[in-house]
Structures are given as C-alpha cells and as structure tokens.
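**Q** Going down the list, the sequences are from chains Y and C.
If you use my numbering, the first sequence closes out at 103, no skipped numbers anywhere.
If you use my numbering, the second sequence closes out at 185, no skipped numbers anywhere.
Simulated from the structure, these hints should not be mistaken for laboratory data.
Each residue gets a CB set at the ideal place from its N, CA and C atoms; glycine is no exception.
Check before you lean on any hint, since a few could be wrong.
To be verified - Computed Cβ-Cβ distance ranges for the label pairs, DEER-style:
| no. | chain 1 | residue 1 | chain 2 | residue 2 | range |
| --- | --- | --- | --- | --- | --- |
| 1 | C | 110 | Y | 95 | 19 to 25 Å |
| 2 | Y | 97 | C | 137 | 23 to 29 Å |
| 3 | Y | 45 | C | 172 | 41 to 47 Å |
Stated by the list, open to error - Examples of chain C residues toward chain Y, derived with CB under 7 Å:
| no. | residue |
| --- | --- |
| 4 | 38 |
| 5 | 105 |
| 6 | 115 |
| 7 | 117 |
| 8 | 139 |
| 9 | 142 |
| 10 | 149 |
| 11 | 154 |
| 12 | 166 |
| 13 | 170 |
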Amino acid sequence: MLHGVPTSFYFALSGALFTIGAIGVITRRNAIVVFMCIELMLNGVNLTFIAAGNMLGSVDGMIFVFFIMTVAAAEAAIGLAIFVLLFRLRGSVNLDEIHLLKG
Amino acid sequence: MIDMAFVSPVFQWVVFVCAAVLALLGAIMMVTRRNPIHSALWLIVAFFSLAVIYLTLNAQFIAVAQVIVYAGAIMMLIIFVIMLIHLETGSVYRTRLSGPKAVGAVITIVLFLEIAAAVFTLRSGMGSAVAAGASGTAADLGAALYGKYLFPFEIASVLLLVGIVGAVILARREKERRVDGRPRP
C-alpha cells in the first residue's frame, strides 16, 4: 500500500528552493534579479509553514503565510521604488557599482 | 471542496513530483538566465507550481492568493520596473564568478545539506503530509484571521498603507524642488 507524500519531502523541497534563492543572492549582480531571488527564498519559507501547519492540523501556518505575503507586497513596492530612484541617480542597478556607504 | 486526504496516494505522488520538478526547474532557470526578463518569467513558472503544491496541502486560499499576489501583482511590478529602466535591451550585467562568491555558494549548499539532514532525521516527518480534517478554505482562514489574529491583521493593513505612501514619496520626481533644495511654494 503506497502512502501519501511525506512531510519531509515538502520540507526538502522548500529547503532546496531557499538554497537556490540564497545562491542567486550571493552570485548575481543585478539588483532586480537579487530581489527576485529573495522572493523565491520567502516562498521556500512559506512552503515550510504550510507543510508544517498541515502536518499539525492547524490553520496558523496559513495565517503566517498570509502575513508574509503582505510584507512581501509592501517590500516589493518600496524596493522597486528604490531601484527606480537608484537608476535615475546612477544610471545602473549593478550592485558592484553601488558602494556609497563604503566611505 | 475536495479533501486531499481522500485522494488516491498515486495521484498525490504524481502531482507532487510534477509540481516539485517544475518549481525547481523554474528556480534554477531564474538564477541562471542572463536576461532579467527571462528570469522573471521563469520565476512566474516557479510561483505557479508552488500554488499547485499548496493545493495538494489543502491550502486552497493560500494557493489562490499565491497566484494573485505573487504571480500577479508582485511579478507585474518587477517586470514593469525592468522595462522602465531598460534592462531588457541587453545592458545586462555580467556576473563574474570571483573567489568569495564561489565560496559563498558552496557554503550555501552546505546549509542545504544541513536542512536536508535535519528534515530526514525528523521522525514525525515521515507520516503522510496531508492530514485528514485540516482545511485551508477561505472560511477557516477568515475565522482565524478576524478572530484570534485580528490585531496582527490591522497592523498588516497599516504596514501596507505605510508601504504605499513610502513608494509614492520615493518615486516622486525631484524636478518639483528648486535648486536650493526647498520645495516650491
């Protein structure tokens, strides 16, 4: 008798997504691509919350995901406004060229 | 609404494997594509397959919100900004894989191995993921959101308001100011 998919597989998938996002944040230099990688990492965390909530038979995991989505939407609005401003100021969103705080 | 606990396990496995492979493919292609527009489109693929995975976990409301908020609103914003600042026309920043970056990537893979080791030694994790009775319909979520979590919900709405105001102020043109820095009367 084949059982359903174990929770560990969902956790492993979310860990893999988080890792791919983190590698992207480290290696890519385009600020917008780095931003997209951060969204991917947030999605990996969301998957963990939902899988754990389902395993425990609780709706709280989904509430957490709801709030993470809210914060991600606000972050997208602010972050992309900052990128547009940065592009007007410097003509580029390459992270290697942004070192104003370096002194 | 179909309760996934009563769906055939074979079907659960098929849906999970297909969606997981598609999500990983979308994520890997998103990181490796050189053109930001291609990255954004692959990320939408990953978001859609994650919505399918949420459906297999009985989280119907979150699956719909994933498509609307992430694949719809946030990705629309990102693609809009990519086109606004002309990143799609080949002014693509070349990624130099220097030593520190390679080391960072390797350390991140070690982090993944740690997560995987922790997950697969978790004894309660080997049971079937879909518990009978757990349900994520809009009715269940709404009851929790407007009952137990009413105050965090209000805080979230204030956060969104602050986000909107901040974005408008940030993106305002500086031409409205005079040379001496004071706003025009």
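**Q** Determine which of the earlier numbered hints do not hold for this structure and return their numbers in increasing order.
**A** Hints 2, 3, 4, 7, 8, 9, 11 contradicted; others consistent.
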